[in-house]
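With the hints in hand, could you dock these two chains into one complex?
Listed here are the chains, written in short residue letters.
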Amino acid sequence: MAPNNSVRHGRPGFVLEVDRSTPPTLFWHGEGFRLEKLPVGSRVVYAPEPVTALKDPDGAIRHALANPLGDSAPLADLLTPGMKLTICFDDISLPLPPMQKPDIRQMVIEAVLDLAAEAGVDDVVLLAALALHRRMTDPELRHALGDRVFDAFAPSGLLQQHDAEDPTKLLHLGSTEAGEDVEINRRAAESDLIVYVNINLVAMDGGWKSTATGLSSYKSLRHHHNVKTMQHSRSFMDQHRSELHSSNWRMGKVIRDAGIKVFQIETTLNNDTFPDSFDFLQKREWEWGARDRASFLAVSKTLDRTPDRLKRSIFQGIKAPHRMTSVQAGEVEAVHEVTTENVYRQQLVQVEGQTDVLTMGLPYISPYNVNSVMNPVLVACLGLGYFFNLYRNKPLVREGGVVIMSHPTPWAFHPVHHPSYIDFFEQVLSETTDPLEMESKFEERFATDPWYIHLYRTSYAYHGVHPFYMWYWCAHALQHLGGVIIVGGDPRSVRRLGFKPASTLRDALEMAEDVVGRDPSITHLHNPPLFLADVR
Amino acid sequence: MRALLFERKMAKYAAAAVAGRLVPGGGAKVGPLHLADIDEPELPGPGWHRVRPRLAGICGSDLATLDGRSSRYFEPIVSFPFVPGHEIVGELDDGRRVVVEPVLSCATRGIDPPCDMCSAGHTGNCERIAYGHLEPGLQTGFCRDTGGGWGLSLVAHESQLHAVPEDLTDEAAVLVEPTACAVHAVQSSGVREGDVVVVLGAGSLGLLTIAAVRKLCLPGTLIAVAKHPEQRALARSLGADIVAEPEEVRRAVRRSTRSLTNGDVLTGGADVVIDCVGSSSSIADALAVTRPKGRVSLVGMAGNTTVDLTVLWHKELVLAGTYAYRHEAFPLAFEVVREAKLQRLLSATYPLDRYAQAIEHAAQAGRRGAVKIAFDLRTERRR
Numbered sequence: 001m002a003p004n005n006s007v008r009h010g011r012p013g014f015v016l017e018v019d020r021s022t023p024p025t026l027f028w029h030g031e032g033f034r035l036e037k038l039p040v041g042s043r044v045v046y047a048p049e050p051v052t053a054l055k056d057p058d059g060a061i062r063h064a065l066a067n068p069l070g071d072s073a074p075l076a077d078l079l080t081p082g083m084k085l086t087i088c089f090d091d092i093s094l095p096l097p098p099m100q101k102p103d104i105r106q107m108v109i110e111a112v113l114d115l116a117a118e119a120g121v122d123d124v125v126l127l128a129a130l131a132l133h134r135r136m137t138d139p140e141l142r143h144a145l146g147d148r149v150f151d152a153f154a155p156s157g158l159l160q161q162h163d164a165e166d167p168t169k170l171l172h173l174g175s176t177e178a179g180e181d182v183e184i185n186r187r188a189a190e191s192d193l194i195v196y197v198n199i200n201l202v203a204m205d206g207g208w209k210s211t212a213t214g215l216s217s218y219k220s221l222r223h224h225h226n227v228k229t230m231q232h233s234r235s236f237m238d239q240h241r242s243e244l245h246s247s248n249w250r251m252g253k254v255i256r257d258a259g260i261k262v263f264q265i266e267t268t269l270n271n272d273t274f275p276d277s278f279d280f281l282q283k284r285e286w287e288w289g290a291r292d293r294a295s296f297l298a299v300s301k302t303l304d305r306t307p308d309r310l311k312r313s314i315f316q317g318i319k320a321p322h323r324m325t326s327v328q329a330g331e332v333e334a335v336h337e338v339t340t341e342n343v344y345r346q347q348l349v350q351v352e353g354q355t356d357v358l359t360m361g362l363p364y365i366s367p368y369n370v371n372s373v374m375n376p377v378l379v380a381c382l383g384l385g386y387f388f389n390l391y392r393n394k395p396l397v398r399e400g401g402v403v404i405m406s407h408p409t410p411w412a413f414h415p416v417h418h419p420s421y422i423d424f425f426e427q428v429l430s431e432t433t434d435p436l437e438m439e440s441k442f443e444e445r446f447a448t449d450p451w452y453i454h455l456y457r458t459s460y461a462y463h464g465v466h467p468f469y470m471w472y473w474c475a476h477a478l479q480h481l482g483g484v485i486i487v488g489g490d491p492r493s494v495r496r497l498g499f500k501p502a503s504t505l506r507d508a509l510e511m512a513e514d515v516v517g518r519d520p521s522i523t524h525l526h527n528p529p530l531f532l533a534d535v536r
Numbered sequence: 537m538r539a540l541l542f543e544r545k546m547a548k549y550a551a552a553a554v555a556g557r558l559v560p561g562g563g564a565k566v567g568p569l570h571l572a573d574i575d576e577p578e579l580p581g582p583g584w585h586r587v588r589p590r591l592a593g594i595c596g597s598d599l600a601t602l603d604g605r606s607s608r609y610f611e612p613i614v615s616f617p618f619v620p621g622h623e624i625v626g627e628l629d630d631g632r633r634v635v636v637e638p639v640l641s642c643a644t645r646g647i648d649p650p651c652d653m654c655s656a657g658h659t660g661n662c663e664r665i666a667y668g669h670l671e672p673g674l675q676t677g678f679c680r681d682t683g684g685g686w687g688l689s690l691v692a693h694e695s696q697l698h699a700v701p702e703d704l705t706d707e708a709a710v711l712v713e714p715t716a717c718a719v720h721a722v723q724s725s726g727v728r729e730g731d732v733v734v735v736l737g738a739g740s741l742g743l744l745t746i747a748a749v750r751k752l753c754l755p756g757t758l759i760a761v762a763k764h765p766e767q768r769a770l771a772r773s774l775g776a777d778i779v780a781e782p783e784e785v786r787r788a789v790r791r792s793t794r795s796l797t798n799g800d801v802l803t804g805g806a807d808v809v810i811d812c813v814g815s816s817s818s819i820a821d822a823l824a825v826t827r828p829k830g831r832v833s834l835v836g837m838a839g840n841t842t843v844d845l846t847v848l849w850h851k852e853l854v855l856a857g858t859y860a861y862r863h864e865a866f867p868l869a870f871e872v873v874r875e876a877k878l879q880r881l882l883s884a885t886y887p888l889d890r891y892a893q894a895i896e897h898a899a900q901a902g903r904r905g906a907v908k909i910a911f912d913l914r915t916e917r918r919r
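Just so you know, the protein sequences line up as chains A and B, in that order. Counting in the working numbering, the first sequence runs from 1 upward without gaps. Counting in the working numbering, the second sequence runs from 537 upward without gaps.
Keep in mind that the hints were calculated from the coordinates and are not lab data. Please note that a few of the clues may not be correct.
Said to hold, decoys possible - Straight-line distance between alpha carbons at most 20 Å, and here's what the computed EDC-like set of lysine to aspartate or glutamate pairs gives: (1) A:Lys441 / A:Glu431; (2) A:Lys101 / A:Asp276; (3) A:Lys394 / A:Glu243; (4) A:Lys441 / B:Asp777; (5) B:Lys763 / A:Glu431; (6) A:Lys55 / A:Asp272; (7) B:Lys763 / A:Glu426; (8) A:Lys84 / A:Asp192; (9) A:Lys101 / A:Asp58.
Given the structure is predicted, the values throughout are model-derived calculations rather than measurements.
Just chain B, same shape as in the assembly (with noise of 0.2 Å):
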């Protein structure tokens, strides 16, 4: 089958980190990835089906590995050579089309007793993602045995599959899985009524979170920072109360919050940030804009940043991480894309051979006035 393939060459990883630094995306060109014909993933055991993907989205944390950006704490829970691709809308072959929640948690992994994690139903904090009888691997689209979304078949497990219905297209669904991030995003970050929620960022998470947020919570206020244009006008059209730019931040929150400063930092602020960037700037942006006693929400992956605590420190600020979800986000996800049409967030759909294009689109997304770029495998030949 095609499939776009990453390897384990350090070479090209390297080159890939010069052009990704470059060119945001060029590192697809240079880089591990390629288009290749490879065997397709045999069934690992019962429960297991066979997904013929339809349109698979490029996520930043996909980038952040083609770029060679990716922090080396990946190394022990990825299994190379490995299909990327975790944002699935596919086609069993009962053709029943399903969302795939990628997470290869202990149930995928035949491990009985499962984890204390996911025995508390916490399948994304899973401690045994690179053990069982799979080869290690966070999720689907980073493991070798289950093949991910960017090519033309991949292995899930039963308990990987959300059932897609019939009149939610293939460009709605694949946000579905960005959309369980947000919306497990939001339900960890603790939003009461009334309060002042900034979300850093409006690319395609930060955009599914302003939505998620919409959907899920009744914030007082809800300030949006965006970079470009386009994603200003989205996120106002999402349910933003307030956009600014992300040299604004810092007035916009003030004036909401009617806080002081002292110096670069509120004295008052926002009761949560939901941070969907993950930069050094973007993490000093949140802790600098949050009430003492608030809260930080990393949804952005931040990798190795330099950040100063102090404030965090200082305020009492809570700093937390959310990654993937919860197998419950599903449901309330599909509503959210539903409901907010969030389908109106795929800009672009590529074919598997055009794939430097894609990648370098997504990588370039914002500025380019684009939000979700997709791979569209449906009219790729298979054999």
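Extracted from the complex, chain A is given alone in its bound form (with noise of 0.2 Å):
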């Protein structure tokens, strides 16, 4: 058996229907928690458990480079003495939270160095695939790639992070057959060979968005990164349904077309997301013990009493204890196809049916706001953008339906990853929250902006047009719903955002009965840890 392969031993999704026996569920409220009693008759979706890890992941990793997938050589036999060699490899924003060391780039990226060495190659460059997100700092650099890779690269400056706002470091392909611009860095197109180093945490990430998206640039990015493109992406977690992927796929021929060589290594984690302290939150809440108990109250009673800032450190201190369950390495479409299913094998959670109604707590984290702030723009592109595109074949919430979120929402930001955010919530939203207005009105503007550019080439910004596309990653959710509702967030903030606040879910469930009818069916979405609802 191919060391690759792991079998399931935790239990599968579940969907619960609450009954009165039903102890009250879990909702994650930013940095903290709120139990609430949902009515009788709701459902509860739970992920799957943690699908059993590789025992071996080094010997896994190195049977794939040796036995790639698809039209592909071994690794080994593409690596010859002379030859550029970029090994590129996905940022900050994977996988959710930050997992505990060794990271899984490291592992891989550790294989690929020495098999490198053993060839003979000296002209290696490591790549951070940024597109338009902040630069990683020294220290999220090391966590990502250990000790040994960082020392070796980065005082060489061997250690780069993409910029795509250096014309100079962009090298344009061509166009699509759509024509879509696909302009990729230079120094990873001018190599011989890419290896592209992945970690497929949701079905939407891999494949040609690994380097078509990940090293690419405003001009390239815009084509697929719009309103029109997520409002035909039904939904981008389903590659066969998602505009999205299409326009990664169309690019990422253009590259092959253009005579570049990817080596696409993709791996999966299980879903074992939160460390021993937080236990309680990979379970079922009828099937806490005593201990869980315990620890629920233990730490909720200390957030209770814990300012903002020290509850936000402590969280974004948290290191997940994922695991690697696959591996899977060669050429990049036959790769991810194997990677999608092993994803799915870990998160699928079959739901019959859709809701009139769908609650989501909302966690501290998001892509977007690893080591900082959760601001309202990333709250509502986690919920929306995020956990309601989180299904297969249709929405967990039927068209016209009311989506009810818990979070805090605080009116604050992070000044130095989030600026043009700042200016997009204080000037964007209180005109418009219409995501094709505020394209056409403001996104070329802000993206062309010379301030936010010079941030996200020399600081740790995000590139000035990041907080449209965390505006349009909701816009198949805002054309879909009648009603966007969150629970005890900052009123302020979430009119801002277009939405309606509530103090309790019980208000808000009412609320949402002015807009679904009485009595609506409710789904509630526990998550995470992060599942993919398969809606029939």
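The following block contains the structure:
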């Protein structure tokens, strides 16, 4: 048996129907939790339990590199003396939460570097595939790559971060048949081989998106990071119905046709998301033992007395015990097909039928606030962009239904990481919450603002256009839903987002009835740990 | 006649300063202002008329005086006791309604030949406001001889009178004098077509300035900075393209001008900033968001302030005060009031005997969702 295969030991996902004996349900609420009593008859969707991890991940990595999928030679055969090799890797947005050491990127890159060294490859550059995300700090890079790799590459400038705003470091490769510009990192494009090291947390990640998005520029990204694409990606977690996926795959063809060789290495994780001290978060409430209840009470009471800043720091310090469940390497599309199956194996939950009201507790973290502040725009994006789109076939909530999210939604921003978000929130959202209107009226101005560009390039700021993308991520949900309510949020922030604030879940459910009618069906997304609802 | 009288009583003035610091407008209750029965002012000579105020507004400079915040600069150019009130629409003995232009320039003081400023038409800059046959007083409402708008009668020279068109209500006309200040501020700010203009503050003077900018100029972008929600809504309805809260001003101007920043100061910025607040923080904001070689017009009365002027020096900014108006500002002010329907800014009127509440309301106007507060003297009993 190939060491790549792991077997399921955890139980599959589960849909609970709430009855009178059901204990209160845990809702994430930013850096805290709420216990909510859902009405009898409500459904709660739980993630599958963690798939058993690979017993020998290093062996699995070596096996994958030597036994590539698709039309690809083993990595060792692709490495030759004198060649130019660029090893690209996913940035700080993956995985969530950041994983305990050793990070998967470290494990894979060390194996690749061993092969490169054996083959006598001298010209090697490591490149963080930031796209328009913020640059990673040295400690973040060190965590992702490990001390050995960091210390070998960083001092000599061979550990680099993609700069989507340096025209001298970009190469325009051409256009897709749909007229989409394909412009990627010049060093990568001019390399004899790109090795891309991916962590596939959700089904949207990986494949051609790694290079076509991760190494690209605004000029290229704007062709799929837009309202139309998002509204036609139903969902973007389902590659067969995702225009985002299609656009990236068209761009991938241009990359391939330009003669650029990509050796793709993709990994999947189990959803063992929280360390022992938060073990109750991994369990279903009716299965909580005395220790879980005691942990919950201790954590909740402590958080109640903890200042917000310290709470943020405690939660951002969490390192997930995620373990690798698969690794596959070789030709991009062949690899990604297997990866997607492995993601589904961990995350898919069958759910029968849609719901009138979908409730969700939003945690403290999203891909764009690692070691940062979950600002209101990211709250909207996490709920309506990510969680709403965690479906296959059809959304969990029916058209015209209501999403109720629980999050404190403070009017707070990280001034270094999210400067353009502040302006977006102050100016754009105060004028319009319509994605199409803001796209036509404001996007380009923000995207080309020299100050944001300066901060993106030299500080640790997300690109000026990034908050727009967060809002576009919500476009499908905004088009689909009849209303959005946030429980326990700062009313000013919530209203600025165009949503309705509610003090309690009960109030929110009453408000939702104004939209969907009396006695609505209710479904709660018990997430994280992450899952993907396969809605029939 | 009944009038609110402001007397020179230092102990009460000190008490007003303390009360005003505790509660804005609180100085009216304990300070030197009181309701009194006094003789009507006498006509100083030919060319003077008796005016019976109908509505008289409460201005920021009045509030500073009542709350003991006025600069000592004013001591030689006012005369006690005086009846405050210089935003006046009143009625002449023959029934004609007039707006009073309160500046007491050479023409009103019988000084001939007039000073250089008055000769040039800059009556607001008259060099003789403490001279001539009138007691010192920079305006009606600060001069012992003329009376003021917060009484049932005052005297005004014919050069001070502007006829009110029949179809203009008193509620609109009482806004003409402060609007003339705004017109003058905009005219002297040198706004050019396409400029980015910032108006700091959206009390009555700020809002009137926004209206005046829209009437008189063609700015590329007009940014208003307003503290309170009602002010923000009004600023937008009067023509501001962007409305920002005070703490947002740097970001709002930066993104409109695509400036970079050096610390807290924009490297570029607005072409013209009109500061209608006049506090140390508003002046600091103004200097920070004005482009090199740009202009800051100080319309709000500044008083004693502490401001770091390094940025003014380094960016070669022009910081200019603007006070009152030229006579010619009034016809334009009438037009602005009419076209922008500025009567909507008159939020409440009070009788004289409720002056303490009126002044407190005016001093807290922004946070109470109000703009201009005035005394209504139309129903006061005359003796």
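Query raised in the report: Of the numbered hints stated previously, which ones are contradicted by the structure, given in increasing order?
Result: none
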